[in-house]
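**Q** The residues making up each chain are set out below.
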Amino acid sequence: MPTGIVALPPTRNTSTPMSSAPIYLDYAATTPVDPRVAQAMARHLGLDGTFANPASRSHMLGWLAEQAVEGARRQVADLLNADPREIVWTSGATEADNLALIGYMRANRARGRHLITSTIEHKAVIDTAHALENEGFEVSWLKPSADGRIRPEALEAAMRPDTILVSLMAVNNELGTVNDLEALGNIAHRHGAVFHVDAAQAAGKLALDLERLPIDLLSLSAHKIYGPKGIGALYVRRDTRIEPLIHGGGHERGMRSGTLATHQIVGMGEAFALAELERGDDMQRIAELRTRLLEGLGELEGARLSVPEGHGMANILSIGFDGVDGQALVMALRRLALSTGSACNSASVAPSYVLTELGVPTERALATLRISLGRFSTATEIDTAIEDIREALDKLRTDSRAQSA
Amino acid sequence: MITEDELLYLDHAATTPLRREALEAMWPWLTARFANPSSPHGLGREARAALEAAREELARGLGCRAGELIFTSGGTEADNLAIKGIALGVERPPAARRLIISPFEHPAVEGACDYLCRHHGYRLERLAVDRNGLIDLDDLARRLALPAALCSVILGHNEIGTLQPIERISAIARAHGVALHVDAVQAAGWEAIDVERLGIAALSLSGHKLGAGRGIGALFLRRGVPLEPLLHGGHQERGRRGGTEQLPGVIALARAFTLARAEAERHGERVAALRDAFIRGVLEGCPGARLTGDAERRLPHHASFLFPGTHGEAVLLALEARGVICSSGSACKAGEDEPSPALLALGVSRQEAQTAVRFCFDIDIDQPQVDRAVRAVVEAVAQVRGLGGR
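The listed protein sequences correspond, in order, to chains A and B. For what it's worth, my numbering labels the leading residue of the first sequence as 1, then goes sequentially. For what it's worth, my numbering labels the leading residue of the second sequence as 1, then goes sequentially.
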């Protein structure tokens, strides 16, 4: 085994000289690891780092790894104004969502068997809620209003005496719309239910003060905020009881077993610490880029925003185009790395269920682009994207007019 | 004072450092080529292709099809997915809700079985073993003759090193139509495993035990075995495990596994010979010391002892002062001080079980290191006994 870290290739070339290189506009699907995060991870990946098993309390090296893990736990907790003991490491937001829903429902079934969620949640919540239905729990599915948000009145109307859990996302991954977590959480609490929030898209971008917000369970992901894939966390407010999903050695206060992935955890901690420091600047710059993007695309023929402006995050723009074939549009935008729906359901060509729920017609749903911006997006990239989309639309419309003529 | 460079790390069963080649293979996918394998654009397709190439590589190493591999966050998740997923994959009559395991499975297997017992009406039965930890095959055959959901056996034991005769166990399980899950977390890399030839239903792997880093593992699941997923959401891993794939980890796992197998083919016998020399040296130098587990059928890099008249933790400290890092047992039971269930299953008394110390080499172990380790153990044990370690 080597005793020193290898000479690593550069982490990312942010100023791509080649104009043919793809422009990354898919930050909501995943983000590049920030070079500073990569550096922190590298320190924990070699023999010169702290590599021993965090649970091997008996020896020194294990002790150092444990310190690194606990330091990262504090970094994550700090961003949320939470106690480090309320942070449970998971393999990502999908596992956190599963743990929150299944873990809470199973542990508290004596109190009730009813769960409320919405039809535009991430698949991790939707599929888990279906699995709970198969297990004998009851689920109510709230529909979004036209602005892509869940109305508090809709939640109020759905609450029942046996409702023990409400699960709603902070920010929708396809639309960027932001729910009123305070109003929704207060309703859940007033009826004696616990409030779970999938904050995979929100953490590090939106202020989340868990000291103040009525949230009991909150799912986090590292790779949406310039950390590594394969690591996330569930915030579990003290005294909230959950049954573990992954049993074993009793790590993470018995809530999640398995040897902790030190380098991954350190990466997540670093990413969250950077987000705390740079969120303001990042989001302001991204908001300016989005305005530029919207000005450029909004005037194009047939352009329609999926949701009205006003309740969205600055980093996501969902825009559809009437009168073009979606598949052809995507094919024509080869230089742009963007999504037409959530990355997590893009294996099929069916329209996005989120857009369908909003009442977007299938044809336009298929011709909808989700453009998501991030820390490394530049004005030049935005201008190129606008130009490419304009050209693609012109060409597609010319071709189809020529065909029908 | 011993510097960190002089440390002799003999705790490779707890965790093993990331291989340089695995780090080099994964690094570009952690940094520059970071796209989500599910993304529809070119960068996403590139990531998807890398993911599937790594899956093919690991499948070749295990003798299975790529579609039979499910990547997980580690061995613990793989064990949980296998046990709960197979048990709950089909509706079973109460009489068939039996889980047959060895008496010294990893806590992940024990924990998953315990969950099935508490919430789904399953019953757990533990197999008889001999003094060396080998499973009693007659007992196995008797228990599998009755309907059972699954049988789970650890291939190479983390604490006592014993390797089970998995071919014979598999033949018995197949004869009775019971799905066999093999926890190969410790043995993977060291032992040749051909899941097709073995005819087993499932097998768990962990990255950080074979130089791939932590936070990645895999489950082999034979095609056609019904599975209830553990993590729902998304189409990833053919709907059997939701969540964005940890591509860097997957690539590291495939690379590290391939390398570990190649090295074990070349150097496994040399490591086993050095391990035998280590065992001889320790047993000769420490009167009363006993090897735990089977002397012949054991992991090639693994040596575990009882040192009567000492306390294992005290021996560890005395060894650490001499720069030798090892373990008193399993590192997987977060912070417990209970005697090891594995040792108790071998008929070791509770008191003697507290004197256990385990050493696990890596492939680069050499004679000078073995000599140094023997000297350190002999001195440490003598020192602890001199202090009245009892």
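Hints may contain errors.
Covered stretches of chain A (chain B as the covering partner; in silico rule of three or more C-beta atoms under 8 Å from a C-beta of chain B) [said to hold, decoys possible]:
hint, region
1, 29-40
2, 93-107
3, 122-128
4, 226-240
5, 246-260
6, 328-337
Please keep in mind that the hints were generated in silico from the structure rather than gathered at the bench. We put the CB at the ideal spot given by N, CA and C, even for glycine.
**Q** Would you mind marking each hint as holding or not holding in the structure?
**A** Structure-based check of all given hints:
Proximity of the region 29-40 of chain A to chain B, defined as three or more residues with a beta carbon under 8 Å from a beta carbon of that chain, is established by the 7 residues found. With a threshold of 8 Å between beta carbons, the proposed coverage of the region 93-107 of chain A by chain B holds, since 6 of its residues qualify and at least three are required. Check on the region 122-128 of chain A: 7 of its residues sit with their Cβ under 8 Å from a Cβ of chain B, so the three-residue criterion for coverage holds. Chain B is given as covering the region 226-240 of chain A, and this holds because 4 residues of the stretch bring a CB closer than 8 Å to a CB of that chain, at least three being needed.
Look at the region 246-260 of chain A against chain B: 10 of its residues bring a Cβ nearer than 8 Å to a Cβ of that chain, three or more, so the hint holds. By the rule of at least three residues with a Cβ nearer than 8 Å to a Cβ of chain B, the coverage given for the region 328-337 of chain A holds, with 4 such residues.
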